[in-house]
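Required output: the full structure, derived from the provided sequences and hints.
Top line first, the protein sequences correspond to chains D and R. The numbering of the first sequence is the numbering used here, which starts it at 71 and goes up by one. The numbering of the second sequence is the numbering used here, which starts it at 71 and goes up by one.
Rather than coming from a laboratory, the hints here were simulated on the basis of the structure. Here the structure is a predicted model, which means the values were calculated and not measured. Please note that a few of the clues may not be correct.
Identical chains blur together in the list; that is why a pair holds if it fits in one copy or across any two.
[What the hints assert, rightly or not] Calculated cross-link-like contacts (lysine-lysine; reagent style DSSO-like; alpha-carbon spacing at most 30 Å):
1) K335 / K427
2) K72 / K427
3) K475 / K492
4) K427 / K300
5) K297 / K486
6) K475 / K486
7) K475 / K121
8) K492 / K121
9) K486 / K121
10) K358 / K288
11) K274 / K492
12) K121 / K72
13) K274 / K244
14) K72 / K335
15) K72 / K274
2 protein chains.
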Amino acid sequence: MKTLIYNCTALLMDEGNTILNNAFVVVEDIYIIYVGVERPQAEFSQEIDAKGNVVMPGLVNAHTHIPMTLMRGYGGGCNLQTWLNDYIFPVEEKLDERSVRAGVQLALAELIASGVTTIADMYMFCDAICDEIVQAGISGNICRGMVLFAPTFDPNTNAGYLEMQALMRDWHGKNDGQILIDTCVHGEYTSNPALWEAMAGFAKEHEIGMHVHVSETKMEHENCIEKYGKTPLQTLADYGLWDTRSILAHCVWTTEDDWALMKEKDITAVHNPVSNLKLGSGIARIPKMMDAGVQIALGTDGVASNNSHDMFEEMKFASLLQKGISCNPTMVTAYDTLKMATTNGAKALGRKTGQLKEGYIADIIMLNQSAFNLTPCHSVEENLVYSANGSNVCMNMSRGKVIYKDGEFFTLDISKLQSELKQYALPLLFGSK
Amino acid sequence: MKTLIYNCTALLMDEGNTILNNAFVVVEDIYIIYVGVERPQAEFSQEIDAKGNVVMPGLVNAHTHIPMTLMRGYGGGCNLQTWLNDYIFPVEEKLDERSVRAGVQLALAELIASGVTTIADMYMFCDAICDEIVQAGISGNICRGMVLFAPTFDPNTNAGYLEMQALMRDWHGKNDGQILIDTCVHGEYTSNPALWEAMAGFAKEHEIGMHVHVSETKMEHENCIEKYGKTPLQTLADYGLWDTRSILAHCVWTTEDDWALMKEKDITAVHNPVSNLKLGSGIARIPKMMDAGVQIALGTDGVASNNSHDMFEEMKFASLLQKGISCNPTMVTAYDTLKMATTNGAKALGRKTGQLKEGYIADIIMLNQSAFNLTPCHSVEENLVYSANGSNVCMNMSRGKVIYKDGEFFTLDISKLQSELKQYALPLLFGSK
Numbered sequence: 071m072k073t074l075i076y077n078c079t080a081l082l083m084d085e086g087n088t089i090l091n092n093a094f095v096v097v098e099d100i101y102i103i104y105v106g107v108e109r110p111q112a113e114f115s116q117e118i119d120a121k122g123n124v125v126m127p128g129l130v131n132a133h134t135h136i137p138m139t140l141m142r143g144y145g146g147g148c149n150l151q152t153w154l155n156d157y158i159f160p161v162e163e164k165l166d167e168r169s170v171r172a173g174v175q176l177a178l179a180e181l182i183a184s185g186v187t188t189i190a191d192m193y194m195f196c197d198a199i200c201d202e203i204v205q206a207g208i209s210g211n212i213c214r215g216m217v218l219f220a221p222t223f224d225p226n227t228n229a230g231y232l233e234m235q236a237l238m239r240d241w242h243g244k245n246d247g248q249i250l251i252d253t254c255v256h257g258e259y260t261s262n263p264a265l266w267e268a269m270a271g272f273a274k275e276h277e278i279g280m281h282v283h284v285s286e287t288k289m290e291h292e293n294c295i296e297k298y299g300k301t302p303l304q305t306l307a308d309y310g311l312w313d314t315r316s317i318l319a320h321c322v323w324t325t326e327d328d329w330a331l332m333k334e335k336d337i338t339a340v341h342n343p344v345s346n347l348k349l350g351s352g353i354a355r356i357p358k359m360m361d362a363g364v365q366i367a368l369g370t371d372g373v374a375s376n377n378s379h380d381m382f383e384e385m386k387f388a389s390l391l392q393k394g395i396s397c398n399p400t401m402v403t404a405y406d407t408l409k410m411a412t413t414n415g416a417k418a419l420g421r422k423t424g425q426l427k428e429g430y431i432a433d434i435i436m437l438n439q440s441a442f443n444l445t446p447c448h449s450v451e452e453n454l455v456y457s458a459n460g461s462n463v464c465m466n467m468s469r470g471k472v473i474y475k476d477g478e479f480f481t482l483d484i485s486k487l488q489s490e491l492k493q494y495a496l497p498l499l500f501g502s503k
Numbered sequence: 071m072k073t074l075i076y077n078c079t080a081l082l083m084d085e086g087n088t089i090l091n092n093a094f095v096v097v098e099d100i101y102i103i104y105v106g107v108e109r110p111q112a113e114f115s116q117e118i119d120a121k122g123n124v125v126m127p128g129l130v131n132a133h134t135h136i137p138m139t140l141m142r143g144y145g146g147g148c149n150l151q152t153w154l155n156d157y158i159f160p161v162e163e164k165l166d167e168r169s170v171r172a173g174v175q176l177a178l179a180e181l182i183a184s185g186v187t188t189i190a191d192m193y194m195f196c197d198a199i200c201d202e203i204v205q206a207g208i209s210g211n212i213c214r215g216m217v218l219f220a221p222t223f224d225p226n227t228n229a230g231y232l233e234m235q236a237l238m239r240d241w242h243g244k245n246d247g248q249i250l251i252d253t254c255v256h257g258e259y260t261s262n263p264a265l266w267e268a269m270a271g272f273a274k275e276h277e278i279g280m281h282v283h284v285s286e287t288k289m290e291h292e293n294c295i296e297k298y299g300k301t302p303l304q305t306l307a308d309y310g311l312w313d314t315r316s317i318l319a320h321c322v323w324t325t326e327d328d329w330a331l332m333k334e335k336d337i338t339a340v341h342n343p344v345s346n347l348k349l350g351s352g353i354a355r356i357p358k359m360m361d362a363g364v365q366i367a368l369g370t371d372g373v374a375s376n377n378s379h380d381m382f383e384e385m386k387f388a389s390l391l392q393k394g395i396s397c398n399p400t401m402v403t404a405y406d407t408l409k410m411a412t413t414n415g416a417k418a419l420g421r422k423t424g425q426l427k428e429g430y431i432a433d434i435i436m437l438n439q440s441a442f443n444l445t446p447c448h449s450v451e452e453n454l455v456y457s458a459n460g461s462n463v464c465m466n467m468s469r470g471k472v473i474y475k476d477g478e479f480f481t482l483d484i485s486k487l488q489s490e491l492k493q494y495a496l497p498l499l500f501g502s503k
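Structural data, given as C-alpha cells:
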C-alpha cells in the first residue's frame with residue numbers, strides 16, 4: 071500500500087521549521103518514505119489531492135484520561151474537593167468495561183476529528199482502552215493509574231499491578247508499537263514509597279516509560295515538602311522513578327531545582343493549561359522551564375476538567391497565557407507551541423512521530439485552508455496556533471491509514487457509539503434523566 | 071412573516087438563568103413574540119425543527135475592527151511597536167473602500183457562522199462597513215475611529231468628523247435600528263482635549279454612544295497619569311466623554327477609582343482577553359471589576375491580534391483565565407461569561423437583544439448538540455462556555471431572518487467574496503505572493 075499526498079503545503083516540524091509549498095508526501099504501509107517538492111516517480115495505490123491545504127504531523131495529546139469524556143462538564147464550577155467527592159468519584163465507582171468502551175469511543179471520535187494521532191492515557195479498564203485504540207487506528211501510550219493508600223504493596227494481590235502485568239503481556243508493542251504500555255504512579259499524594267519502589271522496579275524490568283501527575287496544585291506541592299522535606303519531583307526521584315523515559319503531567323508548582331533535575335534526567339513536562347486554569351490549579355511557568363532546558367509537551371487532561379479534547383485550542387491557550395502574564399508578545403512563539411504538540415510529545419512518548427520525515431510513522435493531518443477562520447494565510451504557523459480549531463481538520467491519517475476525512479470516520483461505528491451512550495453508558499452512570 | 075422554532079432547549083439568558091426544555095419560540099418580523107413550553111396555536115409561514123438542539127440569544131461581539139480580518143496573523147509574534155509600525159500601519163495606508171468591503175465580508179462570514187448577531191466596530195471606511203452589515207443582516211454599532219495629533223480640531227475640515235456626520239445622516243437608526251452610529255475617541259494617547267470636547271459634544275447633540283480604547287497597555291495608562299495626573303478614564307471623564315452610553319474597550323490597567331466611576335456612570339468595560347494576551351497587554355482584573363459593580367461585555371478585538379472572531383473561544387478564555395490566576399475554580403462562572411457575551415453586550419450597545427424574550431429582537435442561534443465535542447451534555451452552560459467552539463453553530467437568525475444554516479449563507483455571496491480577496495484585496499495590500 072503506497073499513498074501519495076500531493077499539492078500540499080507541508081509543515082515538516084523539523085529542526086529548521088521548514089514549510090514546503092507544492093509538496094509531495096509518500097507513505098508506504100505505516101511509514102513516511104518521502105517528503106519533498108519533486109514529484110516521485112512510482113505507482114501509487116492511493117493518491118490524495120490536498121488542494122493546496124496544509125498537511126502537518128498528527129498531534130500528540132500527551133496527557134489525558136479518555137474515558138472521563140463521559141463526565142464532560144459534570145459538576146463544573148465547583149471547588150476541587152466538591153467536584154471530586156460529589157461528582158467524579160461517585161461516577162467512577164459505577165464504571166464498567168462497557169461504559170468505558172463507550173467513553174473511549176466518544177473521546178476517540180473527538181480526538182481523531184480534531185487531528186490527534188497519538189495519546190498518552192492514564193486510567194482504569196486499560197485492556198478495553200487498548201482494544202478500542204487499536205480498532206480506531208491511532209497510537210497510544212497507555213498506563214493503569216496506580217494509587218496506594220495501604221502501607222505495603224503486594225504484587226500478588228494488587229489489582230492494578232495484576233492489570234499492568236496483563237497489559238504488558240497482551241498489548242505492549244502490539245502492531246509495531248501502536249500500543250505502548252507505560253507504568254504509573256498516579257501522584258505522590260495518592261501513594262507512598264511502597265508503590266514507588268514497585269513501579270520504578272517494574273519500569274526498569276520492562277524498560278518502559280513512567281507517567282505521573284506532579285505538582286498539579288499548590289496544596290499537593292506544599293504538603294509533600296512538609297511531609298518529605300522535598301518537592302514531589304525530588305521525593306519521587308529518590309525512589310528511581312525518573313530512571314526511565316518519564317512523562318510528568320502538570321508541573322504547575324515545580325521549582326528551579328526541579329527543572330534542573332528534569333533537564334538532567336531528560337524528563338518531559340506535559341503542560342495542561344486549560345485544565346490547570348479550569349480547576350484553579352494555577353499556571354505553569356513554561357518560559358522559565360524552557361529556559362532551564364526542560365522539554366515541554368502538551369495535553370488536554372481529561373475532558374471532565376477541560377472540557378474539550380481540542381489540541382488546537384490547547385495550543386492557543388499554551389502560547390497566549392505566557393505572553394499575557396509576562397506582558398511580552400514574543401514569549402512562547404507559535405513554533406514553540408507547535409513543537410509541544412508534535413515533536414516534544416513524540417519524544418515524551420518514545421515514538422517516531424511528530425515530524426513529516428522519512429522513516430517516521432505516517433501520522434499526518436490536513437487542515438482546510440479555505441475555511442473562513444483560516445483566511446487569509448499570512449503565516450502558516452500563526453494560523454495553526456491562533457486561528458485554527460479542531461473543526462478545521464479535514465483529514466486524519468494515522469499509522470499510514472486515512473481514518474477520518476471530511477466528517478466521515480472509517481474506523482469508528484458512530485451509530486453504535488451513539489446507541490451505547492444513550493442506551494447504556496449514560497443511564498448507568500448518571501441515571502435516567 | 072411568522073416563524074416557529076420548536077423542539078428546542080432554550081437558554082433564555084433572563085434574570086433567573088432559565089433553561090426551557092421542549093420549548094417553542096415564535097418570531098414575527100424582527101421580534102420575538104413568544105417563548106415558552108406551550109405550543110402556540112397560530113399559522114406560521116416557517117417552522118424550524120430544532121431537533122432538541124440548544125437555541126440561545128445571538129452573541130454580541132462588543133469590540134472589534136472587522137476590516138482588519140484581512141491582516142489575520144500578519145506580523146504576529148513581534149513586539150507591539152514593530153507589529154504596528156512595520157506591519158499593520160503600512161497595510162492600513164493601502165486600504166481602499168473595495169478592499170475594506172472584502173475584509174468586512176470575510177469577517178461577517180466568520181462572525182455569522184460562529185453565532186454573532188451584533189457587533190460594535192471601530193474603523194475607517196464606515197459607510198462601506200454599514201452597507202455590508204445591512205446586506206448581511208446582522209446588527210452593528212459602528213463608529214469612525216477618531217484620532218487627533220494636531221493641537222486644534224476643525225469640524226469643517228476634519229475628515230473623520232465629516233465622515234461621522236455623513237454616517238449619522240445616512241445610517242444612524244437605519245432599518246429599525248439595525249445600524250446605530252456611535253461616536254469615538256480612539257484613545258487618550260492618540261488624541262487630545264480638542265478632540266475630546268468635540269466628541270463629547272457630538273455624542274450629546276445626537277444622543278449617541280461613545281466607543282473608546284482605555285488603559286489597554288501599562289505604558290498608555292502610566293504615560294497618561296504622568297501627563298495629566300490622572301488615569302485615562304478619569305482624564306477623559308473631565309471632558310464629559312462618559313455622559314452618554316459608553317463602550318470602553320480593554321480596561322486592562324484600570325484602577326479601583328476607575329471602577330467606582332464606571333459604576334457611577336453605568337459604563338461598560340469590554341473585555342478582550344485573547345487580544346490582551348496575544349499583544350502582551352496583560353489581563354484585566356475582571357472579578358474585582360464585577361465586585362465593584364462594573365458591567366463587563368466581551369469582544370474579540372480585531373483579528374490581526376486574536377486571530378479569530380470566535381466568541382465561544384473568547385468566552386472560554388474569559389472564564390478560565392480568572393479561575394487560573396486566582397487559583398479558584400468558582401470565579402467567573404459559565405453563566406457570568408454567557409452574560410458578558412449576550413445581555414451585557416446588548417446593554418453596552420443600547421440594544422434590545424441578548425435575551426430570548428418577548429419584544430426583543432429575534433437574534434437567535436442554534437448549536438448542534440449531537441457534535442462529539444458537545445456530548446454528553448450534563449450542563450448546557452458548561453458545554454457552551456467550555457466545550458463549544460464556533461463551528462458548533464448550525465443556525466444564525468439575525469433580526470428575524472435565518473441568514474446561515476448548516477454551512478450555507480443566505481445573505482453573503484461567498485464566491486464573489488473569495489474572488490475579491492484573491493483578485494483584488496490581498497494583492498493590493500500584501501503584493502503578489
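Results for each hint:
{"no.": "1", "hint": "K335 / K427", "in the structure": "within (27 Å within a copy, 60 Å between copies)"}
{"no.": "2", "hint": "K72 / K427", "in the structure": "within (16 Å within a copy, 59 Å between copies)"}
{"no.": "3", "hint": "K475 / K492", "in the structure": "both (25 Å within a copy, 27 Å between copies)"}
{"no.": "4", "hint": "K427 / K300", "in the structure": "neither (42 Å within a copy, 58 Å between copies)"}
{"no.": "5", "hint": "K297 / K486", "in the structure": "neither (49 Å within a copy, 68 Å between copies)"}
{"no.": "6", "hint": "K475 / K486", "in the structure": "both (19 Å within a copy, 27 Å between copies)"}
{"no.": "7", "hint": "K475 / K121", "in the structure": "both (14 Å within a copy, 26 Å between copies)"}
{"no.": "8", "hint": "K492 / K121", "in the structure": "between (38 Å within a copy, 16 Å between copies)"}
{"no.": "9", "hint": "K486 / K121", "in the structure": "between (33 Å within a copy, 20 Å between copies)"}
{"no.": "10", "hint": "K358 / K288", "in the structure": "both (18 Å within a copy, 23 Å between copies)"}
{"no.": "11", "hint": "K274 / K492", "in the structure": "neither (43 Å within a copy, 58 Å between copies)"}
{"no.": "12", "hint": "K121 / K72", "in the structure": "within (19 Å within a copy, 43 Å between copies)"}
{"no.": "13", "hint": "K274 / K244", "in the structure": "within (20 Å within a copy, 74 Å between copies)"}
{"no.": "14", "hint": "K72 / K335", "in the structure": "neither (39 Å within a copy, 68 Å between copies)"}
{"no.": "15", "hint": "K72 / K274", "in the structure": "neither (38 Å within a copy, 71 Å between copies)"}
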